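In order, the protein sequence lines correspond to chains A and B.
Each residue of the first sequence is one higher than the one before, counting from 1 in my numbering.
Each residue of the second sequence is one higher than the one before, counting from 1 in my numbering.
Just so you know, these hints were derived from the structure itself, not from any lab.
Remember, predicted model here, so these are calculated numbers, not experimental data.
Where hints are given, some of them may not hold.
[To be verified] Short derived list, chain A residues pointing at chain B, Cβ under 10 Å:
hint	residue
1	292
2	294
3	382
[As the list claims (entries may be wrong)] Computed list of lysine-lysine pairs in DSS-like fashion (alpha-carbon distance at most 25 Å, straight line):
hint	chain 1	residue 1	chain 2	residue 2
4	A	104	A	167
5	B	182	B	192
6	A	286	B	182
7	B	145	A	286
8	A	167	A	186
9	B	145	A	17
10	A	286	A	17
11	B	92	B	127
12	A	72	A	221
We put the CB at the ideal spot given by N, CA and C, even for glycine.
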Amino acid sequence: MRAVFLRFALRNLARHKFRSTLAVVGIVIGVLAISSLGILGNSIKLSFSEAFSAVGNELVVHPKSESTISEKVLREVERASGAGSEVIPVRQRTELVDFGAEKKPVVVYGLRSEDIPLLLELEEGRLLKRGSSNCLLGSEIAEEHDLNVGERLRVGTQELRIAGILKERGLGFDINPDYAVVVEAKAFVRLFNASLSAAGKEGYNFLIVRVNRLEDVERVKSAIESRLNKREKRVSVLDLKRLMESFNEAFAKISTFLLGIGAVSLLVAGVSILNVMMMSVVERTKEIGIMRAIGTSRAGVLRMFLYESLLLGFAGSAIGGVLSFGGGFLILSFWMQQTSYLLASSSILCIFFGIAFGIATSVLSGLYPAWRASTLNPIEALRHE
Amino acid sequence: MNSAQPQEAVRLVEVTKIYRMPRGSVKALDRVNLSISAGDFISIMGPSGSGKSTLLNIIGCLDVPTSGEVFIAGKNVSKLSESGRTRIRREKIGFVFQQFNLIPTLTALENIAFPMLLRGERRHEEKSRALLRAVGLSEELGEHKPAELSGGEQQRVAIARALANDPEIILADEPTGNLDTKTSREIMGLLKALNERGKTIVVVTHDPLVASLTRKTLRMLDGRILSDGGATTDGGETDSGATERKTQTF
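Start from the sequences and build out the full structure, keeping to the hints where you can.
Shown next as structure tokens:
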């Protein structure tokens, strides 16, 4: 029986093809907006999580009251962190590297040979031994300038032999080795501290504290802070996990905002459906009176008109959903130069969300006009026209 | 003298209908008492404003009286809810209107089947075809929309629709108002045939020719029934007033 009334609804929509088409277009645009913006927001989040290799159980300790971290402070941090953590001191400076065709400033890290395997992974070549004056190259640097193991690289005033090339690690809050050169700690002091001014920039630039158990991160953080910052703030301790969380929060806000924009456009489409359906109800006042007179219940009339807005919603949402794939593709290739996120399950979810929202909007918008139709007084309605 | 009490199709007891208008109240029906037996074929005549349409609406459960009671086939419908009255309209009553009032987006057959679909009738296709034949229309006309049919054909479809759920009572409000004389006669003939098959038919008309084709005529004026052809089953319910000859022309 329902099929008959659905056909009836379809015929009534076809009575005013132009008007119905416009209403459908409105929903298509609304669904497109929500889906595409949802995909965009989601892709931004995905690309950031991919780019940032955040290690949840790391703390980064930066010097605050002084310019570098002394050996004394290092030992205090080691003692505060306790046995369940590793403290990795890092030296860092920027040097001009001669790539032949161009000279570019590049970050150089100085790491103890025993710490290097804790932080970095080798793509090819060998890691650095204690005291070695060779260097390791980050993946991006090696690729961009076509450098290989065994070649020599001019870093600042020094010429270093490339012992190995590192695997791509992504952006990090601790270190960013992809576009950096890594040198052994003792060699670092020997090669570069010589060129430092007498202001005595010795010491470490920052420390990475690896906490073995995730649950201990908070405890170690407060231990370090309470031990070192008792009288004055000597160090600042960065909790990477907390940082990622606040980033995710920010992205969630951006996503919500984008979805809000999409929702507004869908709301407008809903208003247009409301308008179209109200016009339909008014035009068919007498017809409604006839239907009620021959025995159609109020609920029956409501359902008949609701079917019409449902059909509009289904058509618009289906078309909008299909077009969202194309729309998402365009937005991603334009904004992010990368379209692989389109196929992520969370992106596909955005499309279904958009479709569901489109149908819901149509049904809700059609509810009031359908209700109005159902509550018409049959006798007055028959007198209409 | 009645050997057996014929069944009562419609009974109105002290029915009054007052409309509240911005300029004051209008008494459309004034303590009307009426009894229509099953199988009656009556017409109701009266000038505009006499309340005949209101009377028809009340009999047809489209409207409720302000006071008084209405019985359809013995059941008190004035106590029914809106959905209850809708059900009566769906199952027990068939309407025929002056302007035919067919649904323009449906074909003739679909119009006829509509009330059947409201009840979930599975055999609506064959039944509507049978009704189309019964009102004297060809099968192929069934696929046409009302706009493609003549006035007479549309009214026949309307009558077929009124018969869709096999109601006991047919109510016709000026059924020949939009038709020429010849077609009017045909339609009235159709109604007569239906009456002969047991349907109770009430026709509201201003056309004395049409009234003369029915078996009884009631006259209304100012919300009261002036005369009743004397066919009430229980005495003492007729309104006072002189009986008028049915053939009197206006």
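Each hint tested on the structure:
no., hint, in the structure
1, 292, "holds (7 Å)"
2, 294, "holds (5 Å)"
3, 382, "holds (7 Å)"
4, A:104 x A:167, "holds (21 Å)"
5, B:182 x B:192, "holds (15 Å)"
6, A:286 x B:182, "violated (28 Å)"
7, B:145 x A:286, "holds (17 Å)"
8, A:167 x A:186, "holds (23 Å)"
9, B:145 x A:17, "holds (18 Å)"
10, A:286 x A:17, "holds (21 Å)"
11, B:92 x B:127, "holds (17 Å)"
12, A:72 x A:221, "holds (18 Å)"
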